[in-house]
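A.B. asks: Protein chains in written order, with the working numbering: chain S, 30 to 196; chain H, 30 to 196; chain B, 30 to 196; chain X, 30 to 196; chain D, 30 to 196; chain W, 30 to 196.
Treat the hints loosely; a few may be bogus.
Any copy, or any two copies together, can satisfy a pair, since identical chains are not distinguished.
What the hints assert, rightly or not - Straight-line alpha carbon distances no greater than 16 Å define the calculated EDC-like cross-link-like pairs of lysine to aspartate or glutamate that follow:
#1 120 with 36
#2 120 with 35
#3 120 with 190
#4 186 with 176
Keep in mind the hints are simulated off the structure, nothing from the lab.
There are 6 protein chains.
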Amino acid sequence: MQVQAEDFFFSGLHLRGNTSNAVGSRVTPVFAAQLPGLNTLGISMVRIDYAPWGLNPPHTHPRATEVLTVLEGTLQVGFVTSNPDNRHITKVLQKGDVFVFPVGLVHYQRNVGNGNAVVIAALSSQNPGAITIANAVFGANPPIASDILARAFQVDKSVVDQLQAKF
Amino acid sequence: MQVQAEDFFFSGLHLRGNTSNAVGSRVTPVFAAQLPGLNTLGISMVRIDYAPWGLNPPHTHPRATEVLTVLEGTLQVGFVTSNPDNRHITKVLQKGDVFVFPVGLVHYQRNVGNGNAVVIAALSSQNPGAITIANAVFGANPPIASDILARAFQVDKSVVDQLQAKF
Amino acid sequence: MQVQAEDFFFSGLHLRGNTSNAVGSRVTPVFAAQLPGLNTLGISMVRIDYAPWGLNPPHTHPRATEVLTVLEGTLQVGFVTSNPDNRHITKVLQKGDVFVFPVGLVHYQRNVGNGNAVVIAALSSQNPGAITIANAVFGANPPIASDILARAFQVDKSVVDQLQAKF
Amino acid sequence: MQVQAEDFFFSGLHLRGNTSNAVGSRVTPVFAAQLPGLNTLGISMVRIDYAPWGLNPPHTHPRATEVLTVLEGTLQVGFVTSNPDNRHITKVLQKGDVFVFPVGLVHYQRNVGNGNAVVIAALSSQNPGAITIANAVFGANPPIASDILARAFQVDKSVVDQLQAKF
Amino acid sequence: MQVQAEDFFFSGLHLRGNTSNAVGSRVTPVFAAQLPGLNTLGISMVRIDYAPWGLNPPHTHPRATEVLTVLEGTLQVGFVTSNPDNRHITKVLQKGDVFVFPVGLVHYQRNVGNGNAVVIAALSSQNPGAITIANAVFGANPPIASDILARAFQVDKSVVDQLQAKF
Amino acid sequence: MQVQAEDFFFSGLHLRGNTSNAVGSRVTPVFAAQLPGLNTLGISMVRIDYAPWGLNPPHTHPRATEVLTVLEGTLQVGFVTSNPDNRHITKVLQKGDVFVFPVGLVHYQRNVGNGNAVVIAALSSQNPGAITIANAVFGANPPIASDILARAFQVDKSVVDQLQAKF
Chain S
30 MQVQAEDFFF SGLHLRGNTS NAVGSRVTPV FAAQLPGLNT LGISMVRIDY
80 APWGLNPPHT HPRATEVLTV LEGTLQVGFV TSNPDNRHIT KVLQKGDVFV
130 FPVGLVHYQR NVGNGNAVVI AALSSQNPGA ITIANAVFGA NPPIASDILA
180 RAFQVDKSVV DQLQAKF
Chain H
30 MQVQAEDFFF SGLHLRGNTS NAVGSRVTPV FAAQLPGLNT LGISMVRIDY
80 APWGLNPPHT HPRATEVLTV LEGTLQVGFV TSNPDNRHIT KVLQKGDVFV
130 FPVGLVHYQR NVGNGNAVVI AALSSQNPGA ITIANAVFGA NPPIASDILA
180 RAFQVDKSVV DQLQAKF
Chain B
30 MQVQAEDFFF SGLHLRGNTS NAVGSRVTPV FAAQLPGLNT LGISMVRIDY
80 APWGLNPPHT HPRATEVLTV LEGTLQVGFV TSNPDNRHIT KVLQKGDVFV
130 FPVGLVHYQR NVGNGNAVVI AALSSQNPGA ITIANAVFGA NPPIASDILA
180 RAFQVDKSVV DQLQAKF
Chain X
30 MQVQAEDFFF SGLHLRGNTS NAVGSRVTPV FAAQLPGLNT LGISMVRIDY
80 APWGLNPPHT HPRATEVLTV LEGTLQVGFV TSNPDNRHIT KVLQKGDVFV
130 FPVGLVHYQR NVGNGNAVVI AALSSQNPGA ITIANAVFGA NPPIASDILA
180 RAFQVDKSVV DQLQAKF
Chain D
30 MQVQAEDFFF SGLHLRGNTS NAVGSRVTPV FAAQLPGLNT LGISMVRIDY
80 APWGLNPPHT HPRATEVLTV LEGTLQVGFV TSNPDNRHIT KVLQKGDVFV
130 FPVGLVHYQR NVGNGNAVVI AALSSQNPGA ITIANAVFGA NPPIASDILA
180 RAFQVDKSVV DQLQAKF
Chain W
30 MQVQAEDFFF SGLHLRGNTS NAVGSRVTPV FAAQLPGLNT LGISMVRIDY
80 APWGLNPPHT HPRATEVLTV LEGTLQVGFV TSNPDNRHIT KVLQKGDVFV
130 FPVGLVHYQR NVGNGNAVVI AALSSQNPGA ITIANAVFGA NPPIASDILA
180 RAFQVDKSVV DQLQAKF
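Between the sequences and the hints, there should be enough to build the whole structure, so can you do that?
C.D. replies: Written out as structure tokens, the structure is:
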């Protein structure tokens, strides 16, 4: 079957994502599911929008490194290294700054400027996956047993119940 | 420089790990840092011990799939798929059962039997890394700003403060 | 040696590249040479600026696929498939459009709007390399023998001499 | 199609393999054929049982490194490096010892204790393959010409005939 | 389905390729399309024939390194490094000489002896692809706009028209 | 440090290898050790010479697939598939025939013509390694215990002693 230009094309990354949600951010993915021409090629792209104080909450990509550049706004970004150090590497980024989140590490971005913020990011897989920590841990379906989470996070079950109720 | 048998050898995986800690489990790693002959070969091994009701709390390996087999005891194991489904795939394992945790996904094991439990697990990297979610998120050093975590987990800062105090 | 936030950081991708050159475009690379934290991670980023009618002339990346999104302006983009078909896959892109150039294929972008154009692109290697066809073929140092090029391009040596004089 | 917990699960690695055979050992594989959830994930596991003086005879894995830990008994293990040195790297292992057999090298294990021996091993492919040297060389089907083997092993054809008769 | 010897077999690489064409050379490929047993194995082979002064014109392989040995004749070979240096690495080869063309770089061979020349080359992919620069650039179908090429090669459109007319 | 043409060059593959040895064949390798420019590029080349009835005895390459073409003579070639089938895939090759030996499988070539035979082969690694089965098994240094080999090959120790005496 012959490929066509449409197979390598996706439209809409200029559109502001809807950030009217609990975290005040929105990821618009351009993965192989959205752009079939990426298949087997080991790369993909996203746009992320942040309302003022919007947060792209702590998450990991199980199959990709991410590199991001700020198009608009001021963002605090960070990632945490593996056990046992759990070092928090963090930086405030301005327009035009670029930052790398190595494969599989927990990372986040938060809008710390006055207006909206926008980034374009690239990922080293056509199907990188994304695991929002809070959703995976407290919003899994069916839920992870609350006594597991109580012990893992060393809090009362009531706190876990409270957390699970949100997701 | 000539290799020697010692370069491919590690001793001590029969020893019960000390589970006198907050989660009641202990991982004994045999990675390239412990067994230099694994270097570049894309594989490693661990032993995990669990006290009764001990937990290997939710964590990820940023660079490896894990496959484990139960040597002793009864374990509930689970992993959570990526966004948006966050499906919780879980199973109770008995002695001789084998289970797979695909690369980068959040997973855990909990001793649900009456006695101790022991597993041998293998990982698809000589340097797989491990990220304990609670430690990376609430115990990062320096800490992740508490308002980031409050928003990510949709709880009051006081709850986050409580969580951060534990790690 | 401990990593620092600076190791994962690069600044300046908001700055318009100087397009006062023969082709009217400028690539600002963020490869491992510019951003050491990208090392071994298999990804990198560039900004490309185009003056009106500016051209990023036909080139290849020997070790990477490229995916690009238009930040500003209107671009005609294209790539050519391998022998024997040499199909020219081409498309006019507007702001927010995304396009993929598969690894190693000859591709180009041309500003076909009235004003400047800007893209952010990502590449599937921390060290993708770039081979501008005209420079590699007619500007190699020392030059490729002119009778080789005359035969390859099936023109008189005088045409080749004319071409080589430009590079 | 949705994955289920059963896709990531295999049962039976606690069962002693039947070692009533010519070499006195038995491999119980958990490869992608037995555990479909291993597919594409680059790892697998086996249990190996050894009767007293049982032997896992010289063999190679064409697509995997192996790392093994002794659960029970005392084993002599060894591998041989490539041409031209053919160095024999060997070691006697006790319970809890771990040893690595690099990808593609000829290796073996022999029970040198008084009782049974058991190991759990991991391999760096979901489909590692196994080539028992004696079977591949003297038991190929149809047979390798006996004059080839006589010359390769520098013995009379009668010796080769004797060897081929066994496999 | 069982494999057969025929699946791993190709015949005809001793036959002189027909060099009665504009460049005086002929590539006879043995890729996965010609030899299905190469599939997934990451290697392939070609024979190249050169009439006296025949040329294998400047081209790239988007997915492979090439290593070649001269069976007959005298060849000048060369490749050009990436931007910004565009260094021309060149050498005259005699029978029995071996030369490497690293993945994705523009390279060529030219018969500089009195008679025919023949090489056997190997490529590090079962499906390496080949992009003849002149054909991809001046013979793309549909054509690349002549003003793009005029600017890229810094010549009058009339020269480009002349070049495009040949391919 | 700047690369030079010499870094990508090796000379001497036209020279007949000395086949005055026990097996009547000779491999002339062009691996990264002989041709540094191959480093990291995942490919290499060899010439193999065979006296009449010469044999390249059963061997494996632990890190490479091999594809060969016959330059001169008539060769019987074969490889054996993995356990449990140990199928012997064999074919008589003439000049110009090409054959593939998949990664890690035991394979051999034997001159079955009247004169000398010559092949050029390529391997999918710059450092493929080679394990001659007879040497690795019966000629390891220090020797593999003769009772191991007696049991593996199911013959008397006296036969093993005889075999080990040759290597």
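A.B. asks: Run the structure past the numbered hints and jot down the numbers of the failing ones, going up.
C.D. replies: Number 3 - this is the single hint that the structure violates.
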